[in-house]
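Residue numbers (the numbering used here), protein chains in the order written: chain W, 1 to 383; chain Y, 1 to 383.
Just so you know, the hints here were simulated from the structure itself, not pulled from any lab data.
Just so you know, not all the hints are guaranteed correct.
To be verified - List of simulated lysine-lysine pairs, DSBU-like, C-alpha gap at most 30 Å:
| # | chain 1 | residue 1 | chain 2 | residue 2 |
| --- | --- | --- | --- | --- |
| 1 | Y | Lys2 | W | Lys264 |
| 2 | W | Lys355 | W | Lys229 |
| 3 | Y | Lys12 | W | Lys2 |
| 4 | W | Lys2 | Y | Lys224 |
| 5 | Y | Lys12 | Y | Lys300 |
| 6 | Y | Lys264 | W | Lys224 |
| 7 | W | Lys274 | W | Lys264 |
| 8 | Y | Lys224 | W | Lys264 |
| 9 | W | Lys12 | W | Lys300 |
| 10 | Y | Lys2 | Y | Lys224 |
| 11 | W | Lys2 | Y | Lys229 |
Stated by the list, open to error - From the derived model, a few chain Y residues whose C-beta atoms are all more than 12 Å from chain W:
| # | residue |
| --- | --- |
| 12 | Leu95 |
| 13 | Leu146 |
| 14 | Ser372 |
To be verified - Pairwise CB distance ranges, derived in the manner of DEER restraints:
| # | chain 1 | residue 1 | chain 2 | residue 2 | range |
| --- | --- | --- | --- | --- | --- |
| 15 | W | Asp42 | Y | Pro131 | 27 to 33 Å |
| 16 | Y | Ala221 | W | Arg30 | 38 to 44 Å |
| 17 | W | Gly302 | Y | Glu15 | 51 to 57 Å |
| 18 | W | Glu132 | Y | Gly354 | 19 to 25 Å |
| 19 | W | Ala136 | Y | Glu120 | 21 to 27 Å |
| 20 | Y | Gly71 | W | Gln123 | 42 to 48 Å |
| 21 | W | Gly270 | Y | Ser73 | 41 to 47 Å |
| 22 | Y | Glu272 | W | Pro117 | 51 to 57 Å |
| 23 | W | Thr158 | Y | Glu120 | 43 to 49 Å |
| 24 | W | Gly71 | Y | Ala221 | 19 to 25 Å |
Ideal Cβ positions, reconstructed from N, Cα and C, are used throughout, including at glycine.
2 protein chains.
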Amino acid sequence: MKIPVIGVYQTKFGELWHQSLTDLILEAGRGALTDAGLAIRDIETIFVGNMLAGLTQGQEHLTSVVASVLGSSVPVVRVEAACASGGMAVHQAVLAILSGEAETALVVGAEKMTDQPAEEIAQALMAAASPEEQEAGLTFPGLYALLAQEYLRAFGATERDLAQVAVKNHHHASLNPRSHFPFPVTLNQVLASSPIADPLKLLDCSPVSDGAAAVVLASSAWVKRRAQKNGISIVGSGQASDVLGLSERRSLVELAATRQAAHKALSAAGAEAKDVSVAEVHDCFTIAEILALEDLGFYKKGEGYVVEGNGEVRLGGKRPINTSGGLKACGHPVGATGVKQIVETVWQLREAAGKRQVPHPRLALTHNVGGSGGTCVVHLLAR
Amino acid sequence: MKIPVIGVYQTKFGELWHQSLTDLILEAGRGALTDAGLAIRDIETIFVGNMLAGLTQGQEHLTSVVASVLGSSVPVVRVEAACASGGMAVHQAVLAILSGEAETALVVGAEKMTDQPAEEIAQALMAAASPEEQEAGLTFPGLYALLAQEYLRAFGATERDLAQVAVKNHHHASLNPRSHFPFPVTLNQVLASSPIADPLKLLDCSPVSDGAAAVVLASSAWVKRRAQKNGISIVGSGQASDVLGLSERRSLVELAATRQAAHKALSAAGAEAKDVSVAEVHDCFTIAEILALEDLGFYKKGEGYVVEGNGEVRLGGKRPINTSGGLKACGHPVGATGVKQIVETVWQLREAAGKRQVPHPRLALTHNVGGSGGTCVVHLLAR
Chain W
1 MKIPVIGVYQ TKFGELWHQS LTDLILEAGR GALTDAGLAI RDIETIFVGN MLAGLTQGQE
61 HLTSVVASVL GSSVPVVRVE AACASGGMAV HQAVLAILSG EAETALVVGA EKMTDQPAEE
121 IAQALMAAAS PEEQEAGLTF PGLYALLAQE YLRAFGATER DLAQVAVKNH HHASLNPRSH
181 FPFPVTLNQV LASSPIADPL KLLDCSPVSD GAAAVVLASS AWVKRRAQKN GISIVGSGQA
241 SDVLGLSERR SLVELAATRQ AAHKALSAAG AEAKDVSVAE VHDCFTIAEI LALEDLGFYK
301 KGEGYVVEGN GEVRLGGKRP INTSGGLKAC GHPVGATGVK QIVETVWQLR EAAGKRQVPH
361 PRLALTHNVG GSGGTCVVHL LAR
Chain Y
1 MKIPVIGVYQ TKFGELWHQS LTDLILEAGR GALTDAGLAI RDIETIFVGN MLAGLTQGQE
61 HLTSVVASVL GSSVPVVRVE AACASGGMAV HQAVLAILSG EAETALVVGA EKMTDQPAEE
121 IAQALMAAAS PEEQEAGLTF PGLYALLAQE YLRAFGATER DLAQVAVKNH HHASLNPRSH
181 FPFPVTLNQV LASSPIADPL KLLDCSPVSD GAAAVVLASS AWVKRRAQKN GISIVGSGQA
241 SDVLGLSERR SLVELAATRQ AAHKALSAAG AEAKDVSVAE VHDCFTIAEI LALEDLGFYK
301 KGEGYVVEGN GEVRLGGKRP INTSGGLKAC GHPVGATGVK QIVETVWQLR EAAGKRQVPH
361 PRLALTHNVG GSGGTCVVHL LAR
């Protein structure tokens with residue numbers, strides 16, 4: 001598989017009170033087109049990743065919203081898979097190009113979350129959990145705290161190991177002008193932050209953010225015909241599902257959908273986890289990054305937490321993880337996240353990531369999770 | 001294009017107070033698998049069409065819900081495009097098979113609408129309209145009433161012509177045991193029913209329904225390898241978008257997205273509108289069927305209303321339209337509608353439609369609209 005990514009864009013993530021959802025879609029869509037040197041008339045199909053517009057904006061017809069704001073009458077598809085909506089939208093765009101339906105595709109992931117009171121957003125996000133979890137009064141920090149408790153118990157990791165993830169990702173975010181939290185935090189600050197759901201504290205959690213990201217994909221034949229520079233390509237795209245509720249899972253120390261999706265994407269790319277130079281993984285909570293490092297195959301089960309403190313996955317280390325700052329510190333506008341991960345890795349592979357640049361990366365991975373692991377999408381990108 | 005449809009199923013449509021959304025998904029999914037002679041392990045990808053589960057059930061993670069209830073870990077994609085969600089899900093499944101990602105796909109369209117008070121559903125459905133239309137206090141009957149007023153004014157049609165659509169589709173529904181309203185109505189009953197939004201009356205409107213439908217698609221190569229009987233195939237699949245709000249449209253007497261989607265689907269099938277033997281069109285209101293007859297190319301603009309009263313589009317006529325009873329009388333569980341249209345036309349092409357059978361149809365068309373025409377999906381099926 002080889003699907004060139006010819007344009008990318010990310011808006012600033014954060015509390016963007018001056019921008020509406022459509023403003024964000026427009027900025028990201030136009031930004032990616034400009035980066036690709038294309039006009040909207042060059043785009044043959046559009047995919048939109050968004051979770052909450054229905055619940056928070058009273059708008060479920062985003063396909064037509066996007067057609068309206070970008071001024072296009074081509075097929076627009078809205079894909080929704082909770083926090084994996086963005087990655088899923090990219091995956092569907094890849095299929096649209098492989099199918100021959102379109103030679104060029106624009107993917108926009110966008111979410112507007114900070115206009116609502118925090119309780120309403122927490123409630124809306126629970127629409128990604130099982131009915132039993134909703135009725136039990138669980139929240140997403142609560143669900144991931146259950147995973148964290150089990151992980152700490154099983155492998156002897158500590159809250160200090162979790163906190164190292166936050167310290168690392170805030171350091172990365174401090175180098176990223178588009179991040180929601182562009183400042184470092186210390187280990188003591190993380191450990192002393194307010195308890196949210198034991199063992200997770202405030203600084204173990206990703207924020208509620210506004211933001212959008214967009215990418216333009218094309219077929220290799222189109223790129224060749226247009227004599228465009230064929231820089232970075234998606235070389236693997238895998239997706240998998242799992243049961244919705246934690247109580248139905250066989251294990252609480254792994255996300256099976258991550259393993260399956262990674263296996264599919266790596267097989268498609270003819271690569272192994274060890275070949276990956278840089279990755280953006282779904283660290284909605286600090287424990288989630290540690291699970292991802294293991295389930296993606298970078299480390300053995302029960303060993304991922306060790307590297308969070310030793311510099312191996314930090315900028316300057318062997319395989320930097322979440323150079324953008326991750327969901328944790330770059331921010332997590334849910335529908336945008338999976339698309340933003342592609343944008344960050346494309347910048348890394350183009351060697352255009354500025355202060356966050358990893359030296360000469362060859363193969364990059366993105367990992368986007370819906371809910372507590374019910375859906376997972378993994379992409380591999382290479383230059 | 002040739003994508004075999006190897007299994008189909010439709011639940012009863014109506015007020016199904018004994019069945020939840022997941023019950024409906026399970027019944028339809030298993031029903032289509034049984035019809036195909038397959039087990040869930042034979043299915044390589046699943047698509048779900050649904051609009052309102054977030055707004056009415058607090059559930060936006062349907063991908064994982066479906067994985068849970070059907071017992072599968074394959075990729076599940078939720079597609080959302082207002083009332084065109086079902087048709088869009090079929091379109092995406094077609095692309096998944098054409099792309100080579102999967103050789104078999106299950107598509108389930110489902111909606112649970114009657115658990116909520118009518119005002120809440122009316123409000124939720126407005127999530128498919130533009131912000132301006134929402135703020136103006138418009139409803140969907142109101143939006144289609146604007147289209148109807150303009151049509152009657154422009155072409156001299158009457159409320160009687162609109163009412164003929166309801167009479168015909170109720171007649172068809174009276175022959176369909178799965179329909180929400182399996183009984184006939186007279187022209188006088190329609191004309192004397194309560195005014196809703198002038199010129200539309202209660203019996204000009206489709207109902208709020210519960211229901212689900214499912215289809216199993218496969219690649220031709222898979223069907224050949226399994227020596228399955230290759231009966232009915234999708235031979236064209238077209239999709240198009242338009243601006244969201246009526247005030248932005250160039251014309252109020254046509255849906256441009258219908259014309260574009262039909263053109264794409266017919267081109268892919270190498271067919272013309274006149275070749276179509278039987279069709280299911282999106283008659284959410286009586287005026288919508290008349291617009292569809294013209295925009296799909298069956299009749300010239302301004303002439304479609306004439307045939308509603310003369311028997312041409314009724315069972316027994318030249319080209320029966322909405323043999324299921326349509327959205328108007330078979331019912332309109334929004335996410336299910338586009339999939340159910342495929343199910344009905346497959347039954348027609350298999351000559352298994354019982355009392356509703358059209359004699360020896362060769363080519364069938366389905367037409368699914370989102371909102372007031374912002375999204376449209378057209379499929380062509382042949383035996």
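Status of each hint after checking the structure:
1. For a cut-off of 30 Å, the pair hint linking Y/Lys2 to W/Lys264 stands: about 27 Å separates their Cα positions.
2. A distance of roughly 25 Å separates the Cα atoms of W/Lys355 and W/Lys229; the hinted pair therefore holds under the 30 Å criterion.
3. With a C-alpha separation of about 44 Å, the suggested pair Y/Lys12 and W/Lys2 falls outside the 30 Å cut-off, and the hint is violated.
4. For the suggested pair W/Lys2 and Y/Lys224, the alpha carbons sit about 29 Å apart, so the restraint of at most 30 Å is met.
5. As the CA atoms of Y/Lys12 and Y/Lys300 are separated by approximately 35 Å, the hinted pair breaks the 30 Å bound.
6. For the given pair, Y/Lys264 sits about 26 Å from W/Lys224 by alpha-carbon distance, which is consistent with the 30 Å threshold.
7. Distance hint between W/Lys274 and W/Lys264 is fulfilled; the C-alpha atoms sit about 15 Å from each other, no more than 30 Å.
8. For the hint pairing Y/Lys224 with W/Lys264, the CA-to-CA distance comes to about 26 Å; that is within 30 Å, so the pair holds.
9. Taking the CA atoms of W/Lys12 and W/Lys300, the gap is near 35 Å; set against the 30 Å cutoff, the hint is violated.
10. For the proposed pair Y/Lys2 and Y/Lys224, the alpha carbon gap of about 13 Å is at most 30 Å, so the pair holds.
11. Note on W/Lys2 and Y/Lys229: the hinted pairing is violated, with a Cα-Cα distance of about 35 Å set against a maximum of 30 Å.
12. With a cut of 12 Å on Cβ distances, Y/Leu95 falls inside the contact zone with chain W, its closest approach being about 4 Å.
13. The Cβ of Y/Leu146 sits about 17 Å from the closest Cβ of chain W, beyond the 12 Å cut-off, so the non-interface label holds.
14. A Cβ of chain W approaches the Cβ of Y/Ser372 within 12 Å, the least distance being about 9 Å, so the stated non-interface status is violated.
15. Against the hinted window of 27 to 33 Å, the Cβ-Cβ separation of W/Asp42 and Y/Pro131 comes to about 28 Å, which satisfies the hint.
16. Between Y/Ala221 and W/Arg30 the Cβ separation comes to about 41 Å, which falls inside the hinted range of 38 to 44 Å.
17. Here the CB-CB span from W/Gly302 to Y/Glu15 is close to 52 Å, well matched to the stated 51 to 57 Å.
18. Between W/Glu132 and Y/Gly354 the beta carbon distance is about 41 Å. The supplied range of 19 to 25 Å is therefore violated.
19. Taken as a hint, the range 21 to 27 Å holds for the pair W/Ala136 and Y/Glu120, whose Cβ atoms sit roughly 25 Å apart.
20. Checked against the given bound of 42 to 48 Å, the beta carbons of Y/Gly71 and W/Gln123, roughly 29 Å apart, lie outside it.
21. With their beta carbons about 23 Å apart, W/Gly270 and Y/Ser73 fall outside the hinted range of 41 to 47 Å.
22. For Y/Glu272 and W/Pro117, the hinted distance range of 51 to 57 Å is satisfied, since their beta carbons lie about 55 Å from each other.
23. The given range of 43 to 49 Å is respected by W/Thr158 and Y/Glu120, whose C-beta atoms sit roughly 48 Å from each other.
24. Between W/Gly71 and Y/Ala221 the CB atoms are about 40 Å apart, so this pair departs from the stated range of 19 to 25 Å.
Violated hints, in rising order: 3, 5, 9, 11, 12, 14, 18, 20, 21, 24; the structure is consistent with all others.
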